[in-house]
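Chains as they are written, first to last, in the UniProt record's numbering: chain A, 1 to 133; chain B, 1 to 133; chain C, 1 to 133; chain D, 1 to 133; chain E, 1 to 133; chain F, 1 to 133.
Intra- or inter-copy, both count: the list cannot distinguish identical chains.
In the SDA-like style, the derived pairs of lysine to any residue whose C-alpha atoms are separated by at most 25 Å in a straight line are: (1) K20 to E96; (2) K95 to D33; (3) K95 to P36; (4) K58 to E94.
Because the hints were derived from the structure by calculation, they are not lab data.
There are 6 protein chains.
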Amino acid sequence: MKTRYEKGLETLRSYTDEEKGTNHFELMKALEDIAPDLGTYIIEFAYGDIYNRDYLSKQSRALTVLSSLVTQGSGSLPQLELHINTALNAGLSEKEIIESMMQLIPYVGFPSVINALTQARKVFQERTEKALA
Amino acid sequence: MKTRYEKGLETLRSYTDEEKGTNHFELMKALEDIAPDLGTYIIEFAYGDIYNRDYLSKQSRALTVLSSLVTQGSGSLPQLELHINTALNAGLSEKEIIESMMQLIPYVGFPSVINALTQARKVFQERTEKALA
Amino acid sequence: MKTRYEKGLETLRSYTDEEKGTNHFELMKALEDIAPDLGTYIIEFAYGDIYNRDYLSKQSRALTVLSSLVTQGSGSLPQLELHINTALNAGLSEKEIIESMMQLIPYVGFPSVINALTQARKVFQERTEKALA
Amino acid sequence: MKTRYEKGLETLRSYTDEEKGTNHFELMKALEDIAPDLGTYIIEFAYGDIYNRDYLSKQSRALTVLSSLVTQGSGSLPQLELHINTALNAGLSEKEIIESMMQLIPYVGFPSVINALTQARKVFQERTEKALA
Amino acid sequence: MKTRYEKGLETLRSYTDEEKGTNHFELMKALEDIAPDLGTYIIEFAYGDIYNRDYLSKQSRALTVLSSLVTQGSGSLPQLELHINTALNAGLSEKEIIESMMQLIPYVGFPSVINALTQARKVFQERTEKALA
Amino acid sequence: MKTRYEKGLETLRSYTDEEKGTNHFELMKALEDIAPDLGTYIIEFAYGDIYNRDYLSKQSRALTVLSSLVTQGSGSLPQLELHINTALNAGLSEKEIIESMMQLIPYVGFPSVINALTQARKVFQERTEKALA
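Sequences are here, hints too, so could you generate the full structure?
Given below as structure tokens:
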């Protein structure tokens, strides 16, 4: 039977495209020296325990997380960039991602949505460039 | 051709079950005396313009809004109550609603999720009671 | 020459109508046993130092504070109630207060504004009742 | 009779000085390719419906919006930059803008106010340079 | 060797006084029907993994959590009540708890601190009453 | 007897190491031209009145402030950088600072903690470089 770490790693990989966009592995590597356990918690708890639960599709989980980060404001912009990539890897289209941000205008106002769309535009372009490279 | 108000009213009604749970019409009525235009903006802009856009299903829009309100903390609890009802009317199951809240634990922490689940539990019970009444 | 405390007390009184609405003095009294210095800081720093500065009218200061509390979400509802009263005492009309909340819809979204308007409505009613009493 | 778009465009222009500072038109242009309707909503809803309402002066509306963005924290810094420019175009003086930020110290604490003042300083300098250019 | 659940349960108990104040067990019980795994995650991840780490004393961990909840605004008031109790059970004095809230005035402003102190006052009284009962 | 300004300046200096890391004096200097009183309020109120109170150690005060800024999200990153330096100057170890951020994962979620750890890593490196220079 798989450990939480193995289950989490497998799930995290299914949300990751190492060819395209920034990903959790780079981020965890960058903090490995000062916070070695951080990556373990992300893999075991976030991806092993939570993302592995039933009743919601991968796309719906990605949508839920994206909406939360947009709502948190660009205070979470680096994280937003990461999860726009995750959402695309989970199978959401660029149009669905933009649309989920537009849907938040009446609930968080224009400023946070504008910051999020600006970040989305940047991610879409980077992925196109990487794909063409 | 329908006006924005007519389109919005139709869309809002499709997210409303006046038999069950609290709904936007009660809320707009309560503020009609001091802010008569508020209801018009909710119907024309939020439901007429935004909820009527393409590329996302009703369920996905409800999920996106729910995630945003959970992230805003119980500062938006009265609104959260309203949109848990909206989400159920849009066709999300209780399990999907709970699951979308559980998915946010790694992104907003336990306290906001616990407050949201407490509110969801209250709404589910009220709807059962109204259904039995 | 007046002390900061005397200046602050005078300024705070100019924003207070002990006949109507809740006020800072009740609030400071309620916390006097566990946080005796809190009231001193509110009077000396908030009202003595800050509210006494130049370049903005009393109404503009009240408007700025109100907008901040609406933006903080109903997490600050008890404070919002206090400062809706302060704003009225500073000479803003009910219409101007409602209008400043409506102006925030594109910047914070409907939920926080709806919570704020609900609070404003409550305060306006209480003051009318006290006036009639 | 003017359409909401025409009314909004006229109002937005009255808050814009294309010679000085960043403005909404640049911002909407930048997102036109991925979110073509965003600009329409900003013009029709924010400026056509909301900014055009009665009972508050242009300066008071600008002050209210500025206070909200300062309170939202530097998560909205790009938006704050935009609206410091809007506030100056609406006729608020640099001193009034700084003062409205100082007034928020007791309500949001020093960090958000320091970030806001740093942004204001940057905008004031850029406008002076553009004016001298 | 202890499981994460056993370690977590032991740690959680060391922060709990079932005689006094509200506690996590009541809270988890209340949500058991709709979110049975929530309690497991709180015990295994929050208390088993995180609270069990080295380099910070129990008091310092309680202080850190308290400061975070005060900063989140009264959106987390029910949680704040829980963690004021946790902090007292961890060995912080009432004076230290009040002081940590006063220390936040320059960083979050008066409103959030006033809401937090009001909550602390309520918890202190309830515990005295329970102790006398 | 010392004035509030003298007391505050002395306290602020005890949290400052002008050799290492960014500090309040640079920050106040940068805003002196547009907000000359800001520095006075930081020294008199924040450091003179608040940091000088009893019942909490310097380390505990630094820990409380750090936790608040992490919770405010990277909206306060420039301030967070300042207070990571303040915390080190107050005698907290790098390990204790990292640990206080890890402790917040269950209360604010991974994104804000990841942003904070990234900032801490940057500050630790800068101080090492300055020390070696």
